[in-house]
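Chain order of the listed sequences is A and B.
Take 1 as the starting number for the first sequence in our numbering and just add one per residue.
Take 1001 as the starting number for the second sequence in our numbering and just add one per residue.
Don't read these hints as lab results, they were simulated from the structure.
For every residue, glycine included, the Cβ atom is placed at its ideal position computed from N, Cα and C.
Keep in mind that a hint or two might mislead.
[Claimed, not checked] Okay, derived cross-link-like pairs now, EDC-like style, lysine to aspartate or glutamate, Cα gap no bigger than 20 Å in a straight line:
(1) 78(A) - 1042(B)
(2) 54(A) - 18(A)
(3) 258(A) - 200(A)
(4) 258(A) - 113(A)
(5) 54(A) - 27(A)
(6) 78(A) - 1005(B)
(7) 78(A) - 17(A)
(8) 258(A) - 128(A)
(9) 258(A) - 245(A)
(10) 258(A) - 211(A)
(11) 261(A) - 191(A)
(12) 78(A) - 1003(B)
(13) 261(A) - 245(A)
(14) 258(A) - 235(A)
(15) 54(A) - 21(A)
(16) 54(A) - 1003(B)
(17) 261(A) - 160(A)
(18) 258(A) - 247(A)
(19) 54(A) - 1114(B)
(20) 78(A) - 1006(B)
(21) 261(A) - 205(A)
(22) 54(A) - 1171(B)
(23) 78(A) - 1052(B)
(24) 258(A) - 144(A)
[As the list claims (entries may be wrong)] Chain B residues, not near chain A, derived (Cβ > 10 Å throughout):
(25) 1044
(26) 1057
(27) 1074
(28) 1077
(29) 1125
(30) 1130
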Amino acid sequence: MTDNASHLGATLQDLLDERLDAARQTEVLTHLAGCPQCRSELEALRWVRDVALKQLPVEDVPPALAARVVAALDVTDKQTVRRGWRRRTMAAAVLAAAAVVLLLLVSPSSNGDTLPNAVARDFVAYRDGTLPLTLHTSDVAAVERFFVAGGAPFAMRVFDLGMMQYQLVGGRLHRLRGRPSALFVYSGPGDRNLVCQMYEGQLADLPRSDDVREHNGITFRVYRAGTVTLVFWQEGPVVCVLASDADAEAVIQLAYAKAVKV
Amino acid sequence: MSDPDERRRQFESIALPLMQGLYNTSLRLTADGDEAADIVQETFLRAYRTFDNFRPGTNARAWLFTILYSVFANRYHEAKRRPRMEAVEELEAPAGPESDIALVAAWGSRWNPEVERALRRLPEDFRTPLLLIDVEGLSYEEAAAVLGCAVGTVGSRLFRGRKLLYAMLQEYAHQAGYGKHSAPDP
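The following block holds chain A by itself, in its conformation from the complex (with noise of 0.2 Å):
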């Protein structure tokens, strides 16, 4: 390929990134036709970007990097946190004054904050794709891998869903209404989307449940928020729920066959 006065040059790179307007288009296309040297070097240029290029693989973010830029994050939140707490200090007392007369006033069923609710919103968060997972993986261990690496504060397990058609798609180092949550999502039949997070908290905490389950001498508090099922159970230190728009009763087997009386 050369640059040659009587041809084209770089003029041929923005006829192939159309970026020329029609007049001038129109120019290049009649010179092509009568010059092989210009052909030849559109096509080089042609074949570099849409073949050449193309051929690059795809690297996958290695897990330990996607468990450190979380972590990372969240040692800029701590800190920002810490900045802001002496000057917080003060007008925390007197809005803490103030919550109290409010929770005074409201009605107690008014708990429109609890876990679950804040579980099914999570879920919703994540078929809406506003919430993005960290590492993307159908490989069980490499996510346990990833939150291990990430710092998670308890022993956790990544649920082998793939008896059941569950398909593992990925996790993030998550918070829950503030607590670190581990979160890793499947992908099920019919497209449905199944999240699980472990946390580490008490089931008796939890507000009233819509059903309570016992199987193999496991409770399991069952809530349901719209077209989502959640299903909590308690192992040791840790809380694992699950939430899908599933069929409830398959979220809740799904459950059954998953918890582990510690």
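Based on these hints, arrange chain B on the given structure of chain A.
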């Protein structure tokens, strides 16, 4: 965004899906997995700290790539650890197979060495527009904003980068079947 949780969630929903493209570009700029990861982490941290200045609905890709390139440039240019530059005239000579070893180490097994090797030999000024425009799909204008130069400069660097890459890959292209029936190059 006064609610920290909401701020964090918004940032993650906007920025984290772009991590793969950022990581791949960083890997091809540095040819070093650890360096690439460090640059990506620094990019996300800087972006998060300045997220309040980001206007929702504007171009998050261009914003993050601008930060990534700035982090890369600071590391390599100020510390004078810029990747080795070859004279442009030398680039048409075929590269020795020994350079494949480092590339395999960086990229693993899912990789075709010819294009990657040629790309790596390109001077950074020509390689970066190729990565941003041809690989990551940024527009000329977005790439110009990322690189802090004029759109015309991006166009001319892209043109030279494509021509050099073709010169390095011409034999490979013909072996792969390209150009057998087209007019020969002069």
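Do the hints match the structure? See the list:
In summary, the hint linking residue 78(A) to residue 1042(B) is supported, as the alpha carbons are separated by about 17 Å, within the 20 Å threshold. Proposed proximity of residue 54(A) and residue 18(A) is supported: the alpha carbons are some 19 Å apart, at most 20 Å. At roughly 18 Å between alpha-carbon atoms, residue 258(A) and residue 200(A) fall within 20 Å of each other, so this suggested pair holds. Distance hint between residue 258(A) and residue 113(A) is unfulfilled; the C-alpha atoms sit about 27 Å from each other, more than 20 Å.
Taken as a hint, the residue 54(A) and residue 27(A) pair is broken in the structure, with Cα atoms around 30 Å apart against an allowance of 20 Å. Of the pairs offered as hints, the one joining residue 78(A) and residue 1005(B) holds, with about 12 Å between alpha carbons and a cut-off of 20 Å not exceeded. Of the pairs offered as hints, the one joining residue 78(A) and residue 17(A) is violated, with about 47 Å between alpha carbons and a cut-off of 20 Å exceeded. Using a Cα cut-off of 20 Å, the hinted pair residue 258(A) and residue 128(A) is violated, with the two alpha carbons roughly 26 Å apart.
Only pairs whose Cα atoms come within 20 Å are accepted, and residue 258(A) paired with residue 245(A) is accepted, the gap being roughly 18 Å. Restraint check for residue 258(A) and residue 211(A): satisfied, since their Cα atoms lie roughly 19 Å apart, inside the 20 Å limit. Of the supplied pair hints, the one linking residue 261(A) and residue 191(A) is violated, its CA atoms being roughly 30 Å apart against a limit of 20 Å. The straight-line distance between the Cα atoms of residue 78(A) and residue 1003(B) is roughly 14 Å, inside the 20 Å bound, and the hint therefore holds.
A threshold of 20 Å between alpha carbons decides the hint, and for residue 261(A) with residue 245(A) the separation of about 26 Å lies outside it, so the pair is violated. Between residue 258(A) and residue 235(A), the direct Cα distance comes to roughly 11 Å. Compliance with the 20 Å bound is thereby established for this hinted pair. With a CA separation close to 27 Å, the supplied pair residue 54(A) and residue 21(A) exceeds the 20 Å bound. With a C-alpha separation of about 42 Å, the suggested pair residue 54(A) and residue 1003(B) falls outside the 20 Å cut-off, and the hint is violated.
As the CA atoms of residue 261(A) and residue 160(A) are separated by approximately 17 Å, the hinted pair is consistent with the 20 Å bound. For the given pair, residue 258(A) sits about 17 Å from residue 247(A) by alpha-carbon distance, which is consistent with the 20 Å threshold. With a C-alpha separation of about 13 Å, the suggested pair residue 54(A) and residue 1114(B) falls inside the 20 Å cut-off, and the hint holds. Restraint check: the Cα-Cα separation between residue 78(A) and residue 1006(B) comes to about 15 Å, which is no more than 20 Å; the hinted pair holds.
Among the hinted pairs, residue 261(A) with residue 205(A) is consistent with the structure: their alpha-carbon atoms are about 19 Å apart, no more than 20 Å. For a cut-off of 20 Å, the pair hint linking residue 54(A) to residue 1171(B) stands: about 18 Å separates their Cα positions. A distance of roughly 17 Å separates the Cα atoms of residue 78(A) and residue 1052(B); the hinted pair therefore holds under the 20 Å criterion. Using a Cα cut-off of 20 Å, the hinted pair residue 258(A) and residue 144(A) holds, with the two alpha carbons roughly 16 Å apart.
Under the 10 Å C-beta cut-off, the non-interface status given to residue 1044(B) relative to chain A is violated; the minimum distance is some 5 Å. The beta carbon of residue 1057(B) is kept farther than 10 Å from every beta carbon of chain A, the shortest such distance being approximately 14 Å. Distance to chain A confirms residue 1074(B) as a non-interface residue, since its nearest Cβ pair spans about 18 Å, more than 10 Å. With a minimum CB-CB distance of about 24 Å to chain A, residue 1077(B) clears the 10 Å threshold, and the non-interface call stands.
Remark: the non-interface label on residue 1125(B) is consistent with the geometry, its nearest Cβ contact in chain A lying 16 Å away (cut-off 10 Å). At roughly 7 Å from the closest C-beta of chain A, the C-beta of residue 1130(B) falls inside 10 Å, breaking its exclusion from the interface.
Consistency with the previously given hints fails for numbers 4, 5, 7, 8, 11, 13, 15, 16, 25, 30, ordered from lowest to highest.
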